[in-house]
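Novice: So the chains spell out like this:
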Amino acid sequence: MNNNLIPLDHLPVGSFGIVKKLTAEGTARRRMLDLGLIDDTTVESLRKSPVGDPIAYEIRGAVIALRSEEASKILVEIIHS
Amino acid sequence: MGLTKQSTGTSARKEMFEVELASPNDIVIALAGNPNTGKSTVFNSLTGLNQHTGNWPGKTVSNAQGRFTHKNKKYLLVDLPGTYSLLANSVEEQVARDFICFGNPHATVVVTDATCLERNLNLVLQIMEITNKVVVCVNLMDEAKRKNTNIDLENLSNLLGVPVVGTSARSGKGLVELKDMVERVAYGELKTTPLKINYDKIVEKAIQEVEPYIQDLVGNQIDSKWAALRLIDGDNMLLESMNDYLDVNLSQNDLLQKKLNTARIELETENISIENLRDRIVSNIVKTAEKIDKEVVSLKNKSHNQTDRKIDRVLTSKLFGIPSMIALLGLIFWITIEGANVPSAMLAQGLFWIEGQLTVFFLWFGTPMWIHDMLVLGVYRTLAWVVAVMLPPMAIFFPLFTLLEDVGYLPRVAFNLDHYFKKACAHGKQALTMCMGFGCNAAGIIACRIIESPRERLIATITNNFVPCNGRFPTLIALASIFIASAAGAFSSFAATLSVLAAIVLGVIITFFISGLLSKTILKGLPSSFTLELPPYRKPQVGRIILRSIFDRTLFVLGRAVVVAAPAGLVIWAMANITISDASLLTYCAQFLDPFARSLGLDGYIMMAFILGLPANEIVIPILIMSYMSKGFMLELDSLTEMRQLFLDNGWTWLTAVCMMLFSLNHWPCGTTLWTIRKETQSWKWTWVSFLVPTATGIVVCFIVAQGVRLFGLV
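Those protein sequence lines, which keep their order, are chains B and Z. Residues in the first sequence are numbered consecutively from 13, following my numbering. Residues in the second sequence are numbered consecutively from 1385, following my numbering.
Keep in mind that a hint or two might mislead.
Claimed, not checked - Among chain Z residues calculated to face chain B with C-beta under 10 Å, some are:
no., residue
1, Leu1405
2, Thr1467
3, Leu1471
4, Arg1662
5, Val1666
6, Arg1693
7, Phe1704
8, Phe1799
9, Lys1806
10, Gly1812
11, Leu1910
Everything labelled a hint here was simulated from the structure, so no lab data went into it. Glycine included, C-beta positions come from ideal geometry on N, C-alpha and C.
Work out the full structure, taking the sequences as your base and the hints as a guide.
Specialist: Written out as structure tokens, the structure is:
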């Protein structure tokens, strides 16, 4: 397994990650796929809500807020710029 | 050409989808699209006010239909629910898909957002798998231009193989071209060759296993390749829909099941599980969308979303997020309360003048007095009260609120508050339905449709009544002004405002508490997945907002209120006027309720006023005044001082005022709201639960407060 993978909710605000694996199953997984979260999709962590959860991400040109429960099931590789 | 198939399907379509055709020659057009693409603006611009809203049969998915005429031909436009996908992960998606698939529209218009085309192409590609007769409408071209995004529409049309029209529906640009194109596709003058997704070889081979048999079973009624893949993917919703609409029985068809199994085994030998198959299907669609997007969209500068991000950095920040939200909502309440006073008084004056004229008419006609009293002082006066008190605040509140909605602020409220709802195992979008509840709980209940999970939708429905609506604000404000403010002396108006705000905050806290309680008891469950789109901010169309919010919301809610209030006026009048040995029926009931009501810090008349106020909360205080003065009809007292004296004469203390405010906040929903709950949930059981939960809460809260205060000898 690739050790560089982190859950999406751990991606620091302002940085980019590349989706490598979804660990969700069933409907939750389908919803993620519908958002365009397939392998190799670039995602930017935009900002946290006042309490820190959910977090807003830019996914394929749209701004989507995800709770940590969902985001933790999306494993990304952080892009170091 | 091309109309024969549809003509035979007309009657079936009419029955199953409740499509309201004026004549069999009407051209039926389906309108599909993602949420937040301005789809409803396109719908409204095309149909004007010539529309009709209802529910899809058996489902609480709203269904708007409208008509328009173009070049002397009549069109019926059916607005499908806004969805991101058609893979049937929700009822909305199923409804949209079933209509495109089995409703045989002559053409389907897919509205897309020019500022976010890639995400929208996903749905376009999925719809093109089902039907050839597609027109793509790239809307919000003006917004895209503002953001320096250029879209090559001609190239897009070439790549997709269907006509593409660019529009800015809010300013009406491009709509004529859109109608022209719809006509050409509907009449088959323009042949479309939609781009079909190419799946991996293994997947295509599995499709081949099943497709010919489906073709045999249902012929050309639906796209057999698409249906084959959906069925292999285990889409049982589609299977059921095919049974329902195509008059076949596929569930019991062993040969089909056998072929599906063969296809699945074939996939599994290639290491593709069902879950994996769905990944591949979606990946193919998403990658195609990505490729097309890259070819047709060019950004002149990368920082096109910077303004939005800057605004969000303030409105959803740790420091200002929640305070700015409270300030904004507070401002709306203040404008509503302040602004409604004068028109309310004028309306009351006007309506009571009409009442005088009615009396003159009845006298001239020689109607018996009791009939006059019953109809004019009973029915008409109740109606006049409801209209005078409800209409102005709604006419101010709804447009203001729709403005926030139109700009794109409301999803940010849900974003800010979601954490608290998650703790209560509820949905962040419940915050939006609560906001609507401040205007009117019935409107709040309808807004609950935006919550996908049925469990969370029910929680939002049952707890909506804990936010005070426009009908209860006057009660809260009046009681706060006359009892709490008078005790505070110099700071009177400040104290009154604060106590009303405290009531609202208490309502929100109770909402969280009861939502959590429901999640742990009768509506057990974990929070569903939460994905919330935060759409770009948009310039609001003020004129359009006022028009739409008045027609869609204000008059709609008022209409329902009037239907409930009229018969109720009759009952109240009868109870106050039928006397048995010198006391009215109302008095008997009040005396019966008195011991119970007193334990809650109220009295029998107050309890009776709440019960008779079921049709609309704004008539609670008028009924109370009416019963205290033992008059047979409602009236308005000239000043709050007189009202205070009347209440004091009837044994009120500050505790009575506090308990009445608490009970006003926590008691059964009004008749209109209950009726709406029944319609939305399609269930008497949940209507009863929605009745009992806030009532029980009110009884418990008032009992604790009243007994506590008395125990400590504070009154």
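Novice: Provide an ascending list of the numbers of those earlier hints which the structure does not satisfy.
Specialist: 1
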